[in-house]
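Take the given structure of chain A and dock chains B and C with the ligands to it, following the hints.
For reference, the chains in residue letters:
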Amino acid sequence: MTISKDRILKIANLSKISISEDQIEKLEVEISSILNWVETLNEVDTENIEPMSNSLTNFLQMREDIVNDGEKRSDILSNSPAEDESFFVVPKVIE
Amino acid sequence: MIDVRVLDLSSIRDSLKKGDFTSKELVKSYIERIEGSSKLNTYNTTTFEQALDRAEISDGKIKKNEAGPLEGIPIGIKDLFCTQGVKTTASSKILENFIPSYESTVTENLFKSGMIMLGKLSNDEFAMGSSNETSANGAVVNPWRSRNSEKELVPGGSSGGSSAAVAASLCPLATATDTGGSIRQPAAFTGTVGLKPTYGRCSRWGIVAFASSLDQAGPITKTVRDSALALQAMAGYDNKDSTSANIEVENFENYRNSNLNGMSIGIPKEFEELDLSLDIRQNWEEAIQWYKEAGVNIKSINLPHCKYALPAYYIIAPAEASSNLARYDGVKYGKRVPGEDLDSLYKRTRAEGFGDEVKRRILMGTYVLSAGYYDAYYLKAQKVRRLIHEDFLEAFKTVDAILTPTTPTTAFGIGENISDPLKMYSNDILTVPVNLAGLPAISIPSGLDSSGLPMGIQLITNHFDEKSLFKFGRLIEESRVNIEMPTDWWIKK
Amino acid sequence: MSENNNRNPRFIIESPTGDWEVVIGLEIHAQITSNSKLFSGSSASYGGEPMSHVSLVDAAMPGMLPVINKQCVRQAVKTGLGLQAEINKYSVFDRKNYFYPDLPQGYQISQFKHPIVGEGIVKVTLKDGSDIYVRIERLHLEQDAGKSFHDIDPQSTYIDLNRSGVALMEIVTKPDLRSAEEAKLFVTKLRTILRYLETCDGNMEEGSLRADINVSVRRPGDELGTRCEIKNVNSIKFIGMAIDYESKRQIDEIESGNEISQETRLFDISTGKTRSMRSKEEAHDYRYFPDPDLLPLNLSQDFIDEIVKELPELPDDKKDRLMEQYKLNSYDADILVSDKKYAKYFEVVAKGRDPKLSVNWISGELFSALNRLSLDIDQSPITADNLGELIDLIIDGTLSGRLAKDVFEIMLETQKSAKLIVNEQGMSQITDESSIEKLVDKIIDENSDKVAQAKEKPKMVGWFVGQVIKESQGKANPSKVNELVLKKIGL
Ligand SMILES: [Mg+2]
Ligand SMILES: [Zn+2]
Numbered sequence: 089m090t091i092s093k094d095r096i097l098k099i100a101n102l103s104k105i106s107i108s109e110d111q112i113e114k115l116e117v118e119i120s121s122i123l124n125w126v127e128t129l130n131e132v133d134t135e136n137i138e139p140m141s142n143s144l145t146n147f148l149q150m151r152e153d154i155v156n157d158g159e160k161r162s163d164i165l166s167n168s169p170a171e172d173e174s175f176f177v178v179p180k181v182i183e
Numbered sequence: 090m091i092d093v094r095v096l097d098l099s100s101i102r103d104s105l106k107k108g109d110f111t112s113k114e115l116v117k118s119y120i121e122r123i124e125g126s127s128k129l130n131t132y133n134t135t136t137f138e139q140a141l142d143r144a145e146i147s148d149g150k151i152k153k154n155e156a157g158p159l160e161g162i163p164i165g166i167k168d169l170f171c172t173q174g175v176k177t178t179a180s181s182k183i184l185e186n187f188i189p190s191y192e193s194t195v196t197e198n199l200f201k202s203g204m205i206m207l208g209k210l211s212n213d214e215f216a217m218g219s220s221n222e223t224s225a226n227g228a229v230v231n232p233w234r235s236r237n238s239e240k241e242l243v244p245g246g247s248s249g250g251s252s253a254a255v256a257a258s259l260c261p262l263a264t265a266t267d268t269g270g271s272i273r274q275p276a277a278f279t280g281t282v283g284l285k286p287t288y289g290r291c292s293r294w295g296i297v298a299f300a301s302s303l304d305q306a307g308p309i310t311k312t313v314r315d316s317a318l319a320l321q322a323m324a325g326y327d328n329k330d331s332t333s334a335n336i337e338v339e340n341f342e343n344y345r346n347s348n349l350n351g352m353s354i355g356i357p358k359e360f361e362e363l364d365l366s367l368d369i370r371q372n373w374e375e376a377i378q379w380y381k382e383a384g385v386n387i388k389s390i391n392l393p394h395c396k397y398a399l400p401a402y403y404i405i406a407p408a409e410a411s412s413n414l415a416r417y418d419g420v421k422y423g424k425r426v427p428g429e430d431l432d433s434l435y436k437r438t439r440a441e442g443f444g445d446e447v448k449r450r451i452l453m454g455t456y457v458l459s460a461g462y463y464d465a466y467y468l469k470a471q472k473v474r475r476l477i478h479e480d481f482l483e484a485f486k487t488v489d490a491i492l493t494p495t496t497p498t499t500a501f502g503i504g505e506n507i508s509d510p511l512k513m514y515s516n517d518i519l520t521v522p523v524n525l526a527g528l529p530a531i532s533i534p535s536g537l538d539s540s541g542l543p544m545g546i547q548l549i550t551n552h553f554d555e556k557s558l559f560k561f562g563r564l565i566e567e568s569r570v571n572i573e574m575p576t577d578w579w580i581k582k
Numbered sequence: 083m084s085e086n087n088n089r090n091p092r093f094i095i096e097s098p099t100g101d102w103e104v105v106i107g108l109e110i111h112a113q114i115t116s117n118s119k120l121f122s123g124s125s126a127s128y129g130g131e132p133m134s135h136v137s138l139v140d141a142a143m144p145g146m147l148p149v150i151n152k153q154c155v156r157q158a159v160k161t162g163l164g165l166q167a168e169i170n171k172y173s174v175f176d177r178k179n180y181f182y183p184d185l186p187q188g189y190q191i192s193q194f195k196h197p198i199v200g201e202g203i204v205k206v207t208l209k210d211g212s213d214i215y216v217r218i219e220r221l222h223l224e225q226d227a228g229k230s231f232h233d234i235d236p237q238s239t240y241i242d243l244n245r246s247g248v249a250l251m252e253i254v255t256k257p258d259l260r261s262a263e264e265a266k267l268f269v270t271k272l273r274t275i276l277r278y279l280e281t282c283d284g285n286m287e288e289g290s291l292r293a294d295i296n297v298s299v300r301r302p303g304d305e306l307g308t309r310c311e312i313k314n315v316n317s318i319k320f321i322g323m324a325i326d327y328e329s330k331r332q333i334d335e336i337e338s339g340n341e342i343s344q345e346t347r348l349f350d351i352s353t354g355k356t357r358s359m360r361s362k363e364e365a366h367d368y369r370y371f372p373d374p375d376l377l378p379l380n381l382s383q384d385f386i387d388e389i390v391k392e393l394p395e396l397p398d399d400k401k402d403r404l405m406e407q408y409k410l411n412s413y414d415a416d417i418l419v420s421d422k423k424y425a426k427y428f429e430v431v432a433k434g435r436d437p438k439l440s441v442n443w444i445s446g447e448l449f450s451a452l453n454r455l456s457l458d459i460d461q462s463p464i465t466a467d468n469l470g471e472l473i474d475l476i477i478d479g480t481l482s483g484r485l486a487k488d489v490f491e492i493m494l495e496t497q498k499s500a501k502l503i504v505n506e507q508g509m510s511q512i513t514d515e516s517s518i519e520k521l522v523d524k525i526i527d528e529n530s531d532k533v534a535q536a537k538e539k540p541k542m543v544g545w546f547v548g549q550v551i552k553e554s555q556g557k558a559n560p561s562k563v564n565e566l567v568l569k570k571i572g573l
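Residue numbers (my numbering), protein chains in the order written: chain A, 89 to 183; chain B, 90 to 582; chain C, 83 to 573.
Worth flagging that the hints you see were computed from the coordinates, not collected in a lab.
From a predicted model like this one, the values you see are computed outputs, not experimental measurements.
All C-beta atoms, glycine included, are put in the ideal place defined by N, C-alpha and C.
Just so you know, not all the hints are guaranteed correct.
Looking from chain C toward chain A, a few residues come up when the C-beta cut is under 7 Å (computed) [as the list claims (entries may be wrong)]: (1) H135; (2) A141; (3) N151; (4) P183; (5) T239; (6) D350; (7) T353; (8) Y368; (9) P372; (10) P378.
Just chain A, with the same shape it has in the complex (with noise of 0.2 Å):
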């Protein structure tokens, strides 16, 4: 399996991290060798085997509806890059 310029593009683009020319080449290459490489999952017969996301195997605890956080208005925005009027700033979105 190799990726093509175009899907590395379309990738870069859904992780919003901008490429350069010279950089699709040399991921190209990388990430076809990767997959190359993986490919070898495909000699694993895994028919009938369900997903594992987590070793846990019991289940989410639940915690109780109390309100106990929050209200850390100047620690939300000790590190922020732009802020006005305990907004976060952002150039303009257009719906």
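Relative to the frame of chain A, chains B and C with the ligands by itself:
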């Protein structure tokens, strides 16, 4: 000044209790040594002033008999653990100025037990790497060198700052994290003890996430005993982490001196077929012999799917990472590179903020989750993960522990593997299956190879059976040839 | 039943080119009523200063982890039960990955493959009294995003995270709706059910209930056409307007020989039109996968059974019971069950009294008064007991209908009981014949000229009756007055 090279966690604990030296003297000694060791590039950030203040408080507590179990003992913290008021960068440019307002559960536990932070230790950027060369702060240098060589070697990764710091006696204990071998591999490369606890044993709250279903915090120490002491202080149920196991933390130190006679150890056949260096293979055989002599039954076992662990891991870990690292977008905290619109702000911030390895993994992870590829890659890997998990569960029906080398080779040169991702990934071939199965494992120094570099043996046990790791691990320390300290070649005089 | 829904076109748009049928499916985002957020302990309450109800988890600080709120899970199960849906004991939280500045994690925690609630059904009564059944496809739990403000600054978008992480239920219908009217009635009914269950306050102005509307058109009997999704419509009126506009737009497109492209659209309240969303142009690929920070949710039968025990009587059952117990007609019963507070009020008023008279007073005088005063029924100045007492005075003849209305107005103002007002102001009806006779005689004496006219035109009698009642300050019993006027004039 105290010669901290000869100290370890438990001896420090005893000395502080006896009053052989004060915490302040001890902290000063470590500070002096760290200041002379800048060549190793282990610390991203140091917190010496705070440490000295804390040491005074600890000395007071020790005097008044109010000391915590590890009161007044210095510690280095991997720069992946958020520390309140202290810069936490994950060794990434994207978090270069990030100062958390909160303390990770594990560091909070350690500080509550009385420990004093000396600073934040370098790691591969976002814990992605096996050589600590991907840190935005540059490569960390292994205090070990081959005999008669001045070539600089990697300390392993991603917890390379932690392993190098402990090996160079720049702290008696360092926190680390292990997603695919990031505690055990660097421990093996630096002649230190690296413990990856069972997934769920230590809280992940406040640790910068790499791959959530695999990440686990653990200690790097000089001895097995110290490892038990450290785990004791780090572990515990945390209701802020939904994957934290609500299991009692036993007194691990008690398990070091048990009789091994009649117990059994499994040797996985499939691991014998791997491409291991001759020295490592011999060392493994030696270790088997030590256990035989102690009356342990050695059994050959099968872990038929473990050879697929590495490719499965390099699908699952990047997939989770691609999502975990989406929050670094230049909006709320961290680096922002302005753009003419939001999209270019995102893309520039992430292109400049992340290093090559991190970007490669994000792209890879995005790819395997994307429409049309999910089933073939991600789902397939998750199924293989179950088979690997089941292999281990099957094996633990007949053996108490599994014994393997930690790494296929000893430490390699800086720059040697960095341009070949697949070669770099193959470092983790013996450690990754353990993460996929969520098992505990420990790497213990087991000798030096023919060029004089440390080798590590890995012990793996069943879920939440860390006590058996300590029980079995002691024997390696007792049986191996004495490992000298690395020479202080890097020290600025 | 649902099969029938789909086979017989219920609503047809006629066009020179032939008939069209509109097919609508809804995805309703309902905010769960809870104290704290779905995965964090910060307040879920509406409003507040920017960034006040925000925890480190809601802001996706490095290393922060989600922990699920039990009450939100209970609310989802309760809602599922109220929609007669199957409850999935095993469900899984997935991450839906996309970049947006009001989505701090870069993903929304939602449920994709294994939602907490499966298929259910909602009965909707149409204006003509017939019922349709709208199938629910699923209900899942998910986090709300923060809020973007595009109008604070000309160059920038401002982000507030107070909503970030608030618990939502996404309720998805099958494409069973056929007109704007049906969609509006469905949402109204769903909102009523949610309010009965107290799982969502249904407050659309505050965004507690928002609809994504999937609209397509087809020739009756054809396969489903290509659909467009209209995002985030937050009033029932706008839902209707958006559907009407969008279905006409699609028909126009097809009739002009164009194809409908599947896209996300926005309803513009200022123009009443839908338009393509620019930011959503690029194809989305959400890369759903199980959230590795969360384990699967596994509900015990006990957990579910406890919620079953708490279920209130739901609108359909209540309607059936009211019709049966009080012999109400469907129309009146529908009015009363549209809000459980109405039904509750009614049942106090109607206790031991004429149910029809009770409904009429509630849906007539009371509702118009409350409407006039912008009050909710539970803020009514006239308690149900007091209204009941007023009705008693009508039934025992103390008050005429007209007097009762006057007393009602005084009750509204003073919050006093009907009896007290009648006693204080001497407002009871004059029924004794001699008192009325005096009044009648007086009016006839004063208007002898009109008596002659009345004999010619019997309609004039009404004028006399009116004068007598006026003279009595409204207290004279009208039928008695009528009787006597006829007698005295000699008709
Ligand atoms: Mg939707
Ligand atoms: Zn949704």
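Status of each hint after checking the structure:
1. For H135 (chain C), the interface hint holds, the least distance from its beta-carbon to any beta-carbon of chain A being 5 Å, beneath 7 Å.
2. A cut of 7 Å between beta carbons decides the hint on A141 (chain C): the least distance to chain A is about 5 Å, and the hint holds.
3. For N151 (chain C), the shortest C-beta to C-beta distance to chain A is roughly 5 Å, which falls under 7 Å, so the interface hint holds.
4. The interface hint given for P183 (chain C) is met, as the beta carbon of that residue sits about 5 Å from the closest beta carbon of chain A, less than 7 Å.
5. For the restraint placing T239 (chain C) at the interface with chain A, the shortest Cβ-Cβ distance is roughly 4 Å, inside the 7 Å limit, so the hint holds.
6. The restraint placing D350 (chain C) at the interface with chain A is violated, with a minimum CB-CB distance near 10 Å, outside the 7 Å limit.
7. Look at T353 (chain C): its Cβ only gets to about 15 Å from chain A, farther than 7 Å, so that hint breaks.
8. Interface hint at Y368 (chain C): violated, since its Cβ lies 10 Å from the closest Cβ of chain A, which is beyond the 7 Å cut-off.
9. Annotation: interface hint on P372 (chain C) holds; nearest CB of chain A at approximately 4 Å, less than 7 Å.
10. Satisfaction of the interface hint for P378 (chain C) is found here, the shortest Cβ-Cβ separation to chain A being roughly 6 Å, below the 7 Å cut-off.
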